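Student: Given next are the chains, with one letter for each unit.
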Amino acid sequence: MEWLKSQITVETRGKGLYPFTDQVIEHIRKWGIQEGMCFLFIQHTSASLLISESYDRTARIDLEEFMERVAPESQSWHQHTLEGSDDSPSHMKAMLTDTDLTIPINNQKLSLGTWQGLYVFEHRKRGHNRQILIRCLKIK
Amino acid sequence: MEWLKSQITVETRGKGLYPFTDQVIEHIRKWGIQEGMCFLFIQHTSASLLISESYDRTARIDLEEFMERVAPESQSWHQHTLEGSDDSPSHMKAMLTDTDLTIPINNQKLSLGTWQGLYVFEHRKRGHNRQILIRCLKIK
Amino acid sequence: MEWLKSQITVETRGKGLYPFTDQVIEHIRKWGIQEGMCFLFIQHTSASLLISESYDRTARIDLEEFMERVAPESQSWHQHTLEGSDDSPSHMKAMLTDTDLTIPINNQKLSLGTWQGLYVFEHRKRGHNRQILIRCLKIK
Numbered sequence: 006m007e008w009l010k011s012q013i014t015v016e017t018r019g020k021g022l023y024p025f026t027d028q029v030i031e032h033i034r035k036w037g038i039q040e041g042m043c044f045l046f047i048q049h050t051s052a053s054l055l056i057s058e059s060y061d062r063t064a065r066i067d068l069e070e071f072m073e074r075v076a077p078e079s080q081s082w083h084q085h086t087l088e089g090s091d092d093s094p095s096h097m098k099a100m101l102t103d104t105d106l107t108i109p110i111n112n113q114k115l116s117l118g119t120w121q122g123l124y125v126f127e128h129r130k131r132g133h134n135r136q137i138l139i140r141c142l143k144i145k
Numbered sequence: 006m007e008w009l010k011s012q013i014t015v016e017t018r019g020k021g022l023y024p025f026t027d028q029v030i031e032h033i034r035k036w037g038i039q040e041g042m043c044f045l046f047i048q049h050t051s052a053s054l055l056i057s058e059s060y061d062r063t064a065r066i067d068l069e070e071f072m073e074r075v076a077p078e079s080q081s082w083h084q085h086t087l088e089g090s091d092d093s094p095s096h097m098k099a100m101l102t103d104t105d106l107t108i109p110i111n112n113q114k115l116s117l118g119t120w121q122g123l124y125v126f127e128h129r130k131r132g133h134n135r136q137i138l139i140r141c142l143k144i145k
Numbered sequence: 006m007e008w009l010k011s012q013i014t015v016e017t018r019g020k021g022l023y024p025f026t027d028q029v030i031e032h033i034r035k036w037g038i039q040e041g042m043c044f045l046f047i048q049h050t051s052a053s054l055l056i057s058e059s060y061d062r063t064a065r066i067d068l069e070e071f072m073e074r075v076a077p078e079s080q081s082w083h084q085h086t087l088e089g090s091d092d093s094p095s096h097m098k099a100m101l102t103d104t105d106l107t108i109p110i111n112n113q114k115l116s117l118g119t120w121q122g123l124y125v126f127e128h129r130k131r132g133h134n135r136q137i138l139i140r141c142l143k144i145k
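Residue numbers (this note's numbering), protein chains in the order written: chain P, 6 to 145; chain D, 6 to 145; chain L, 6 to 145.
If we strip away everything but chain P, and leave its shape as in the complex, we get (with noise of 0.2 Å):
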């Protein structure tokens, strides 16, 4: 068994979901991890991470929308506004969203379901670098 370890930088405009399947793909594929186990995990509190349908864009759209409705800005009961009407929201979504993911690589591949991709969820209106640290448990 080894162990590997890597960061992963995505660069977010704002506020949705943002693709970084290649990113890990790049890393297993260097790494030549036939067998293995790889770890995500970001580290931040107002972005997230997520699993979800990566072929159709309207789902995406939805989903974006959907946390708008269930965590919208500037509700009258919101305390924590001094940096801004979307910062509490921020840690809203995010707690209702992953911090980690844990996905099995076989036969040289992430084990993704033929619709999943990985994204990174940005909360916040503004564009930020968002660190993920990515560890893979080589096995072969």
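Everything labelled a hint here was simulated from the structure, so no lab data went into it. Worth double-checking, as some hints may not be accurate.
Computed list of lysine-lysine pairs in BS3-like fashion (alpha-carbon distance at most 30 Å, straight line) [to be verified]: (1) P:K114 <-> D:K145; (2) L:K130 <-> D:K143; (3) D:K114 <-> D:K145; (4) D:K20 <-> P:K145; (5) D:K145 <-> D:K35; (6) D:K35 <-> P:K114; (7) L:K130 <-> L:K35; (8) P:K145 <-> L:K20; (9) P:K10 <-> P:K114.
Source: prediction; values computed, not measured.
Following the hints, complete the assembly by docking chains D and L onto the known chain P.
Tutor: Showing chains D and L alone in chain P's frame:
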């Protein structure tokens, strides 16, 4: 350390929670794992994984009803409707629950709490065969 | 590679977020882990785990209030009410957050981002002793 892998299929009959704890326990028993880690990954975006209350059926009925209320079908703002009114809500529900689960194995047993059970959460109206990858790291 | 394991108890005093980052860091220090992976698992269905903003207390107050609004008590459609009006909502809130967390250890430190902290999210009105299993894979 040893690496063990297999695949579990859970047949669903439309929306709802389907228990599969026993299928995971059977793998751990068969592989003779005393101590280690169990990794589960569902290869779908319209069904998900959940660890929840396994004792009282009414707890699960409430969870299913809750999800219908949080992400109802047939909203005017839904754009991803080509495959039916349950398609976009199915991705929303999957987003709010889990794609992967990581559970310790201790004393030859999956370390679930007293009331915890493993479920596939089917979010589509029609039944499906849902594929779950199981990976175990056997320490001893 | 080495496998280390223990259990952390977090005593809660009713609904809310309870920090336990320090207890995890103490285990990593005690075990002398420079590089590896930390796995956390909470053995409950009415309390959950969360990585969230650790700096400003108002961020956590908003998250707690948000959860009360997403899954309020005493709804007419709740069937699982035998153990009190907070029982069924506690499973809903646990469903929306995390049962397990997987966090890299890097340079002898838990690789949390600047503002990330670990919390037990208690969803019941009464206090409880919540059990969290900690497992670490020590690479070096």
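Student: Confirm or reject each hint.
Tutor: Checked hints:
1. P:K114 <-> D:K145: At roughly 27 Å apart (the allowed maximum being 30 Å), K145 of chain D and K114 of chain P satisfy the hint.
2. L:K130 <-> D:K143: Violated. K130 of chain L to K143 of chain D sits at ~39 Å, over the 30 Å cutoff.
3. D:K114 <-> D:K145: holds, 12 Å
4. D:K20 <-> P:K145: The hint is violated at about 39 Å.
5. D:K145 <-> D:K35: holds, 14 Å
6. D:K35 <-> P:K114: This hinted pair holds, its Cα atoms lying about 26 Å apart.
7. L:K130 <-> L:K35: It is violated: about 34 Å lies between the C-alpha atoms, which goes past 30 Å.
8. P:K145 <-> L:K20: With Cα atoms ~46 Å apart, K145 of chain P and K20 of chain L exceed 30 Å; violated.
9. P:K10 <-> P:K114: Within the cut-off at roughly 17 Å; holds.
Hint compliance for this structure: hints 2, 4, 7 and 8 are not met, and every other hint is.
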